[in-house]
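Q: Sequence:
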Amino acid sequence: MALPHILPKISFVSISNIMMKLFTILALAVTSSATPISLGVSESAAVATRQLIFDRTSLTENEFSQLIGGGCKDVIFVWARGSTEAGNMGSIIGQPLGDELRREYGRDLAIEGVDYAALLSTNYLPGGTDLISEREMRGVLEDINRQCPSAVIVCGGYSTKDDHSQGAAVNHRAIEDLSQSVKDQIAGVVTFGDTQARADNQQIPNFPRTKLQIFCGGVIRDTVCDGNLAGAVLAPHLSYGRDAGEAGRFLIGKINAVRSLRL
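Throughout the sequence shown, residue numbering follows our numbering, covering 1 to 263 in sequence.
In case anyone wonders, no lab produced these hints; they're calculated from the structure. Please note that a few of the clues may not be correct.
[Unchecked claim] Below, in silico cross-link-like pairs of lysine to any residue (SDA-like), each with a Cα-Cα straight-line distance of 25 Å or less:
| # | residue 1 | residue 2 |
| --- | --- | --- |
| 1 | Lys-183 | Ile-132 |
| 2 | Lys-211 | Gln-147 |
| 3 | Lys-211 | Arg-259 |
| 4 | Lys-73 | Glu-104 |
| 5 | Lys-211 | Leu-263 |
| 6 | Lys-183 | Pro-205 |
| 7 | Lys-183 | Glu-142 |
| 8 | Lys-73 | Ser-179 |
| 9 | Lys-211 | Ser-181 |
| 10 | Lys-73 | Arg-249 |
| 11 | Lys-73 | Asn-145 |
| 12 | Lys-183 | Leu-131 |
| 13 | Lys-73 | Leu-261 |
| 14 | Lys-183 | Asn-62 |
| 15 | Lys-211 | Asp-115 |
| 16 | Lys-211 | Leu-131 |
| 17 | Lys-211 | Glu-104 |
| 18 | Lys-183 | Asp-55 |
| 19 | Lys-73 | Lys-211 |
| 20 | Lys-73 | Thr-60 |
| 21 | Lys-183 | Phe-207 |
| 22 | Lys-183 | Glu-100 |
| 23 | Lys-73 | Asp-115 |
| 24 | Lys-183 | Ala-86 |
| 25 | Lys-211 | Glu-142 |
| 26 | Lys-73 | Leu-131 |
| 27 | Lys-183 | Leu-238 |
| 28 | Lys-211 | Pro-96 |
| 29 | Lys-211 | Ala-151 |
| 30 | Lys-73 | Phe-207 |
| 31 | Lys-183 | Ile-214 |
| 32 | Lys-183 | Thr-84 |
| 33 | Lys-211 | Ala-199 |
| 34 | Lys-183 | Arg-146 |
| 35 | Lys-211 | Asn-256 |
All chains should be built: construct the whole structure from the sequences, respecting the hints.
A: Next up, the structure:
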């Protein structure tokens, strides 16, 4: 006689349990759809590796001149490689320094290597380079000033073991003859193994000394900076890759100082 009363109770409890389970499943589904999927350790590492490879500075960089309408970034880094170096950036210090800036500014940075001839013979000319090379870099800086007047410019140059600091000399000769408007747009310059350091009294003529940092070796001085061209094959002249961090910090400090004034 009690059976008809028991069955309805069991049925009601079962339905209640089913409804509760469905509600829980629905709630979990909604929550998971609104929550980002976390990557496993190996997948996260793969993403980080792809990003690092993507962001590495190439041997040739023309992000300002080749990106029509997109070359005007907040920061533009102009680099003059040493004679005989590959591409227009070179590998010893041009690429590592570009990486330092790219890590800091990401897509707000454009890197432009100067496509000058970088011949060995022109290192022996007065001023350390030829007029054509000087005009090439000066033209890049003037184009940036004209097309991207709000960009912060930083520059640099280096030499290799087979030349005598032509990249640095190109910076000296190009910048000293710029109009005041372009000079004012340049926040900082770094040179490495700079044959013009002594000749120009540790500065770029007609350019603020506070905007320039010259690297001339570490504990052992790079005598190329003193005009000893034979020093170009010695260890101090070939070890500037280790200075990428310090040079990067110098340029980043100058860039950020300019940007802070615009806030």
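Q: Hint by hint, say whether it matches the structure.
A: Status of the hints after comparison with the structure:
With a C-alpha separation of about 20 Å, the suggested pairing of Lys-183 with Ile-132 holds against the 25 Å cut-off. For the suggested pair Lys-211 and Gln-147, the alpha carbons sit about 23 Å apart, so the restraint of at most 25 Å is met. At most 25 Å may separate the alpha-carbon atoms for a hinted pair to count; Lys-211 and Arg-259 meet this at roughly 15 Å. A hinted pair counts as satisfied when its Cα atoms are at most 25 Å apart, and Lys-73 with Glu-104 qualifies at roughly 14 Å.
With a C-alpha separation of about 21 Å, the suggested pairing of Lys-211 with Leu-263 holds against the 25 Å cut-off. Of the pairs offered as hints, the one joining Lys-183 and Pro-205 holds, with about 11 Å between alpha carbons and a cut-off of 25 Å not exceeded. In summary, the hint linking Lys-183 to Glu-142 is supported, as the alpha carbons are separated by about 10 Å, within the 25 Å threshold. For the hint pairing Lys-73 with Ser-179, the CA-to-CA distance comes to about 22 Å; that is within 25 Å, so the pair holds.
Between the alpha carbons of Lys-211 and Ser-181 the distance comes to roughly 15 Å, so the proposed pair stays at or under 25 Å and holds. Distance restraint check for Lys-73 and Arg-249: the Cα-Cα separation of roughly 19 Å lies within the 25 Å cut-off, and the hinted pair is therefore satisfied. At roughly 12 Å between alpha-carbon atoms, Lys-73 and Asn-145 fall within 25 Å of each other, so this suggested pair holds. Distance check on the hinted pair: Lys-183 and Leu-131 sit about 19 Å apart at the alpha-carbon level, within 25 Å; holds.
Between Lys-73 and Leu-261 the CA atoms are separated by roughly 18 Å; this keeps the pair inside 25 Å, and the hint holds. For the given pair, Lys-183 sits about 21 Å from Asn-62 by alpha-carbon distance, which is consistent with the 25 Å threshold. Our distance criterion of 25 Å between C-alpha atoms is met by Lys-211 and Asp-115, whose separation comes to about 24 Å. For the hint linking Lys-211 to Leu-131, the alpha-carbon distance of about 24 Å falls within 25 Å, and the restraint holds.
Proximity of Lys-211 to Glu-104 is assessed by CA-CA distance (about 19 Å); at most 25 Å being required, the pair is judged to hold. Distance restraint check for Lys-183 and Asp-55: the Cα-Cα separation of roughly 29 Å exceeds the 25 Å cut-off, and the hinted pair is therefore not satisfied. Annotation: proposed proximity of Lys-73 to Lys-211 holds, straight-line Cα distance about 21 Å (limit 25 Å). A C-alpha spacing of about 18 Å is found between Lys-73 and Thr-60, which places the hinted pair at or below 25 Å, so the restraint holds.
Note on Lys-183 and Phe-207: the hinted pairing holds, with a Cα-Cα distance of about 7 Å set against a maximum of 25 Å. Restraint check for Lys-183 and Glu-100: the C-alpha separation of about 23 Å stays at or below 25 Å, so the hint holds. Between Lys-73 and Asp-115 the alpha-carbon distance is near 20 Å, which keeps this suggested pair within the 25 Å criterion. In summary, the hint linking Lys-183 to Ala-86 is not supported, as the alpha carbons are separated by about 28 Å, beyond the 25 Å threshold.
A distance of roughly 18 Å separates the Cα atoms of Lys-211 and Glu-142; the hinted pair therefore holds under the 25 Å criterion. At most 25 Å may separate the alpha-carbon atoms for a hinted pair to count; Lys-73 and Leu-131 exceed this at roughly 29 Å. With a CA separation close to 30 Å, the supplied pair Lys-183 and Leu-238 exceeds the 25 Å bound. With a C-alpha separation of about 21 Å, the suggested pair Lys-211 and Pro-96 falls inside the 25 Å cut-off, and the hint holds.
For the hint linking Lys-211 to Ala-151, the alpha-carbon distance of about 16 Å falls within 25 Å, and the restraint holds. For the hint pairing Lys-73 with Phe-207, the CA-to-CA distance comes to about 24 Å; that is within 25 Å, so the pair holds. A C-alpha spacing of about 18 Å is found between Lys-183 and Ile-214, which places the hinted pair at or below 25 Å, so the restraint holds. Proposed proximity of Lys-183 and Thr-84 is contradicted: the alpha carbons are some 28 Å apart, above 25 Å.
Pair hint Lys-211 plus Ala-199 holds up; C-alpha atoms about 18 Å apart against a cutoff of 25 Å. Restraint check for Lys-183 and Arg-146: satisfied, since their Cα atoms lie roughly 13 Å apart, inside the 25 Å limit. A threshold of 25 Å between alpha carbons decides the hint, and for Lys-211 with Asn-256 the separation of about 13 Å falls inside it, so the pair holds.
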